[in-house]
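Novice: Using the hints provided, position chain U relative to the given structure of chain V.
Protein chains: 2
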Amino acid sequence: MVMDAQPALVALDWGSSRLRAWLMAGPDAVIDERSSAAGASTLNGAAAFENALDALVGDWARAHPRLPWLACGMVGSAHGWREAPYLHCPVALGALHRQTVTVAWGGAHALRIVPGVADTAPGRAPDVMRGEETQLLGLLALQPALAAGCRVLMPGTHSKWVQIDAGRIVALRTRMTGEVFALLKQHSVLGRLMQPSDGFAADAFDHGVRSGLDSGGNDLLHQLFSVRTRALFGQWPPAALADLLSGLLIGSELAAGLAEAPQLPLALVGEPPLCQRYRRALLAAGQAVAASHDNTAAAGLWHLLAPELH
Amino acid sequence: MVMDAQPALVALDWGSSRLRAWLMAGPDAVIDERSSAAGASTLNGAAAFENALDALVGDWARAHPRLPWLACGMVGSAHGWREAPYLHCPVALGALHRQTVTVAWGGAHALRIVPGVADTAPGRAPDVMRGEETQLLGLLALQPALAAGCRVLMPGTHSKWVQIDAGRIVALRTRMTGEVFALLKQHSVLGRLMQPSDGFAADAFDHGVRSGLDSGGNDLLHQLFSVRTRALFGQWPPAALADLLSGLLIGSELAAGLAEAPQLPLALVGEPPLCQRYRRALLAAGQAVAASHDNTAAAGLWHLLAPELH
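Those protein sequences? They're chains V and U, same order as listed. Mind the numbering: the first sequence is residues 1 to 310 in the working numbering, read in order. Mind the numbering: the second sequence is residues 1 to 310 in the working numbering, read in order.
A hint or two may mislead.
Because identical chains share one entry, a pair is satisfied inside a single copy or across any pair of copies.
[Said to hold, decoys possible] With a Cα cut of at most 20 Å, we get these calculated SDA-like pairs of lysine to any residue: (1) 185 - 41; (2) 185 - 27; (3) 185 - 157; (4) 185 - 238; (5) 185 - 211; (6) 185 - 264; (7) 185 - 235; (8) 185 - 147; (9) 185 - 239; (10) 185 - 277; (11) 185 - 236; (12) 185 - 234; (13) 185 - 168; (14) 185 - 201.
What the hints contain is simulated information worked out from the structure, not anything from laboratory work.
Looking at chain V on its own, in the form it has when it is part of the complex (with noise of 0.2 Å):
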């Protein structure tokens, strides 16, 4: 952090279940931060979005009444505080500025909103994200070489692909990885069979990610009794159990992902110990990696409004 730097914007990855802010006084330099669980799914009602916001960061709006807001992410969606209509492919990241909507609120202050993306292309069904087009933005600003083309995964709940070309977003496949991972851990006959454990069981994960990649992505319905009948076989213990089905997951899933434009090069963008692990399943699928980084929204609002803070 830096302390004694003058304010320039406050920017807000505002997802479904968290609420984060940044008091930035440039690309690098974050002056302040701080995270609260009012995320845009909890939340009804424009007011109940404005009183998070103040509950949060409202002693920086009264510090610097001045300053631009900017946010990224599901608080503008149809159920959040503003709708941000979707911009649809190719969306060039460079534009994204001239395409936020606006909300007054705490009396003297504008928060600009940032669209989401949708893809849809015709012949198959839309795909959509709100906030990774602002993470992708901080990516190419971090990484300029990846601006001509590539991919970009973004794992996590809801994993998303997304192609680059030229600076734009051109296509985006969202794969429910990490979702289906957790509700059949929590909810499912599998999960009955796991029990917890305090180390990662890499020779189950790497089992299970080979599993996934040599069935193509295919028959996953089938390929997941596999985590049941392997332990009742014994050829994985119980604490090994959790481990094995996100292999088996992330396997299956960088089979179908990766045979798309494997031309491209490949970036990670997402939370460290998530990365770790599909960079070790993707070294396993062959796949180089081009660039790892954390969330890389804040980098991505200050870019986002760079060509008007300059």
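Specialist: Below, chain U without anything else, positioned relative to chain V:
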């Protein structure tokens, strides 16, 4: 039901979640039937199993003290009343009656338990079933022509796909279609968009089936997200989403399952409403249904002991 015939067998289908009992005088002659929620997964220890059985049909034992008792299902698992170790494919259905294990109960009675079946062919994960082997015996008693060679699809929480050759179970695949559907409907981001419906949303189901079939059973983690995005873009109303998801999962299951041994006729065994759903999906896949039956466990238990009863 047959009221004045002579009882010859007490047959039990004792699965994870339910205990069903039939007092039988012949293969089609059920004198009485009862069921309770005392499934094997709700009971712990021999005394609990014995008490549950006595509570449901202890009067049958006292009224007819010399009858044979026969059970199939999870009652014979390692966590059941008495373990009946798996038989390994190929398993001759005509020899099952020589492979039961016996547990004494109520002082004077002996309950024989049918073993489950495991497919432990090398090069893939093991697969298992308990109870379905007995339903298969019932099916082949009702449809003798299928014994030469067929595929049997038994849809449910865990769909079983079984290959029969010359009266033997030669291969077995489980697909967790029903459980994954229930989890996603009850606990996932997809379920949160769903609204209950009085009727069957046939168009949405058919659309889901077609999507699943077209995917070839591939990339299910991505396909699932389409249920959300098609709702977001107004392509299907909230009341149709459960059937859209159901169709997608069944279509994905069929795409993978029907690729195996496609030259063999296919029979369906299961609850009529679910079989109706599968018949519709199989029709869309161009797959004829050679026979369709409700749960055939009672017939199977009768025919399993028939070599000894006659």
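Novice: Evaluate each hint against the coordinates.
Specialist: Comparing the hints with the structure gives:
| no. | hint | in the structure |
| --- | --- | --- |
| 1 | 185 - 41 | between (23 Å within a copy, 18 Å between copies) |
| 2 | 185 - 27 | neither (39 Å within a copy, 42 Å between copies) |
| 3 | 185 - 157 | both (13 Å within a copy, 17 Å between copies) |
| 4 | 185 - 238 | within (12 Å within a copy, 27 Å between copies) |
| 5 | 185 - 211 | within (18 Å within a copy, 27 Å between copies) |
| 6 | 185 - 264 | neither (34 Å within a copy, 36 Å between copies) |
| 7 | 185 - 235 | within (19 Å within a copy, 31 Å between copies) |
| 8 | 185 - 147 | neither (38 Å within a copy, 39 Å between copies) |
| 9 | 185 - 239 | within (12 Å within a copy, 28 Å between copies) |
| 10 | 185 - 277 | within (17 Å within a copy, 28 Å between copies) |
| 11 | 185 - 236 | within (16 Å within a copy, 30 Å between copies) |
| 12 | 185 - 234 | within (19 Å within a copy, 32 Å between copies) |
| 13 | 185 - 168 | neither (37 Å within a copy, 35 Å between copies) |
| 14 | 185 - 201 | within (15 Å within a copy, 30 Å between copies) |
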